[in-house]
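Undergrad: Residue numbers (our numbering), protein chains in the order written: chain L, 1 to 217; chain C, 1 to 247.
What the hints contain is simulated information worked out from the structure, not anything from laboratory work.
Ideal Cβ positions, reconstructed from N, Cα and C, are used throughout, including at glycine.
Keep in mind that the hints are not guaranteed to be accurate.
Stated by the list, open to error - Coverage of chain L stretches by chain C, computed from C-beta distances (three or more under 8 Å per stretch; other residues unrestricted):
hint: 1; segment: 13–25
hint: 2; segment: 107–120
hint: 3; segment: 176–182
hint: 4; segment: 185–196
Unchecked claim - Calculated lysine to any residue pairs in the SDA-like style (CA-CA distance at most 25 Å, straight line):
hint: 5; chain 1: L; residue 1: Lys85; chain 2: C; residue 2: Arg241
hint: 6; chain 1: C; residue 1: Lys219; chain 2: L; residue 2: Glu184
hint: 7; chain 1: C; residue 1: Lys240; chain 2: L; residue 2: Ala187
hint: 8; chain 1: C; residue 1: Lys233; chain 2: L; residue 2: Ala28
hint: 9; chain 1: L; residue 1: Lys89; chain 2: C; residue 2: Met208
hint: 10; chain 1: C; residue 1: Lys233; chain 2: L; residue 2: Thr131
hint: 11; chain 1: C; residue 1: Lys233; chain 2: L; residue 2: Ala96
hint: 12; chain 1: C; residue 1: Lys240; chain 2: L; residue 2: Ala28
hint: 13; chain 1: L; residue 1: Lys85; chain 2: C; residue 2: Arg232
hint: 14; chain 1: C; residue 1: Lys97; chain 2: L; residue 2: His104
hint: 15; chain 1: C; residue 1: Lys233; chain 2: L; residue 2: Leu18
hint: 16; chain 1: C; residue 1: Lys233; chain 2: L; residue 2: Ala144
hint: 17; chain 1: C; residue 1: Lys27; chain 2: L; residue 2: Leu102
hint: 18; chain 1: L; residue 1: Lys85; chain 2: C; residue 2: Asp168
hint: 19; chain 1: C; residue 1: Lys233; chain 2: L; residue 2: Val81
hint: 20; chain 1: C; residue 1: Lys97; chain 2: L; residue 2: Leu102
hint: 21; chain 1: L; residue 1: Lys85; chain 2: C; residue 2: Glu196
hint: 22; chain 1: L; residue 1: Lys89; chain 2: C; residue 2: Ser167
hint: 23; chain 1: C; residue 1: Lys219; chain 2: L; residue 2: His104
hint: 24; chain 1: L; residue 1: Lys89; chain 2: C; residue 2: Asp168
hint: 25; chain 1: C; residue 1: Lys80; chain 2: L; residue 2: Leu102
hint: 26; chain 1: C; residue 1: Lys97; chain 2: L; residue 2: Ala96
hint: 27; chain 1: C; residue 1: Lys219; chain 2: L; residue 2: His105
hint: 28; chain 1: C; residue 1: Lys240; chain 2: L; residue 2: Arg186
hint: 29; chain 1: C; residue 1: Lys233; chain 2: L; residue 2: Trp178
hint: 30; chain 1: L; residue 1: Lys192; chain 2: C; residue 2: Pro222
hint: 31; chain 1: C; residue 1: Lys52; chain 2: L; residue 2: Leu102
hint: 32; chain 1: C; residue 1: Lys80; chain 2: L; residue 2: His105
hint: 33; chain 1: L; residue 1: Lys85; chain 2: C; residue 2: Leu242
hint: 34; chain 1: C; residue 1: Lys219; chain 2: L; residue 2: Asp188
hint: 35; chain 1: C; residue 1: Lys233; chain 2: L; residue 2: Glu184
hint: 36; chain 1: C; residue 1: Lys240; chain 2: L; residue 2: Ala15
hint: 37; chain 1: C; residue 1: Lys219; chain 2: L; residue 2: Arg183
hint: 38; chain 1: C; residue 1: Lys219; chain 2: L; residue 2: Leu180
hint: 39; chain 1: C; residue 1: Lys219; chain 2: L; residue 2: Lys192
hint: 40; chain 1: C; residue 1: Lys219; chain 2: L; residue 2: Asn185
The primary structure of each chain is shown beneath.
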Amino acid sequence: METDCIAPARPRSRADGLLDWVQMGTGAALALFACMHMIFLSSVLFGAGALNGLSAVMDALHIETLGGIGIAVVFCIHATVAARKIPFKAAQAVTAWRHARLLHHPETWAWVAQVLTAFILAVFITIHIWTGLTDLPVQALKSAVRVQLGGWFWVFLLVLPALALHLVIGAWRAGVKWGLITRENRADITRKGLYLLGGFLCLSLLTLLRFRLLPLE
Amino acid sequence: MQRSLTFNIFRHNPQDPASVPHMDTYKLDETDSMTLFIALHRLREEQDPSLKFDFCCRAGVCGSCAMVINGRPGLACHTKTRDLPDTITLLPLPVFKLVGDLAVDTGTWFRAMYQRTESWIHTRAEFDPAAQEARMENEVANAIYELDRCIECGCCVAACGTANLRSDFLAPAGFIRVARFAADPRDQRTDADFYEIIGSDEGIFGCMGLLACEDVCPKHLPLQTQLGYLRRKMGLTVLKRLLPFGG
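Given only the sequences and the hints, what does the whole structure look like? Please build it.
TA: And the structure:
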């Protein structure tokens with residue numbers, strides 16, 4: 001894209017500012033939920049009984065059903081609102097790709113990774129939410145069957161790193177946009193973000209492996 | 001040991017219908033303390049007088065010699081060849097209109113940006129030519145000066161992902177300009193007034209927080225700090241507008 005002059009702006013409205021808040025708020029809610037969900041599921045590392053016990057308590061309080069529906073709504077809103085920043089047109093996508101390749105800039109590549117993982121998550125998280133909500137309550141054996149016999153092991157091998165990347169990059173960028181990450185603390189927070197990424201990946205892959213090896217009795 | 005440098009330089013004359021964009025290769029022996037500015041001058045004087053690039057001050061003050069150096073926007077006069085590998089690729093800055101080869105027209109873009117940001121002091125105070133100039137705390141003056149150091153080289157614009165994708169984006173150079181006037185106590189514009197300028201996806205809400213601008217700015221302007229500051233300011237402004245008494 002080349003221009004001899006910055007194009008005139010359209011008239012102001014509150015919409016863009018509000019949508020920015022919605023995008024960040026729903027993203028933060030989903031990131032928090034993803035971490036809680038992962039910690040909840042990782043209780044299976046202590047045995048199937050631990051996960052089933054937690055699930056029974058949450059089911060009795062209707063947290064799984066109501067929370068699941070709520071998260072599905074938040075997920076849809078976030079995907080819709082955040083999509084307005086994705087370069088969908090072919091020419092824009094090519095420009096963004098060339099720009100990232102030319103610049104050799106880690107944070108610009110991180111944004112490309114966030115866009116690509118968004119597509120993966122949009123497809124598979126939708127399916128995951130549907131299969132989860134139509135088969136409540138969560139139980140270790142049901143999840144193990146899905147992972148071992150339903151082919152979900154390979155899907156999760158793709159989705160879990162995508163989720164971890166999308167979540168950490170999103171949180172980092174929100175921190176930059178709103179001034180929480182400054183010139184002074186940027187390197188330190190980036191390092192902590194990489195630790196978080198590694199921790200999330202380790203926990204999620206260990207949990208997946210546990211479901212893979214859980215006896216189907 | 002003296003190196004032989006290979007320069008791959010973008011060539012195109014948009015005024016000539018027969019011109020096809022292509023890369024030309026030149027060889028040049030490196031000398032002590034050689035900058036890209038010196039190298040380009042030697043190439044033009046010794047090998048190809050048709051090579052077009054902008055320059056003026058050769059001291060990192062005028063911002064004319066900005067170009068993409070091995071992928072990164074930067075100033076030719078500020079870049080030592082010893083910091084670069086043997087092969088150097090030079091491209092014109094993207095986003096701006098190409099004049100020819102490595103020369104782009106940043107002036108038109110910046111003028112339009114200044115008009116859009118209304119880059120002047122807005123005050124209702126009546127001017128009294130006989131009165132002494134109003135005094136300002138040194139701390140405030142320094143803060144304004146820090147934001148006023150932009151040399152309009154366009155490196156931040158060229159490195160900005162959003163500016164590369166949409167021509168109506170105000171870009172970091174525009175934001176730091178707004179921040180400069182927001183910091184100036186003589187400017188009587190309110191947050192709501194500034195929202196009319198940058199409160200949109202073409203403005204501060206279009207910033208994706210990739211920080212390439214911060215990383216390439218040759219004057220090390222506090223772009224990251226100001227982007228966060230303006231986003232918070234405009235984000236709170238839009239929330240206030242939702243309140244019945246928020247204005």
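Undergrad: Broken hints, numbered, in rising order?
TA: 4, 7, 10, 11, 16, 28, 39
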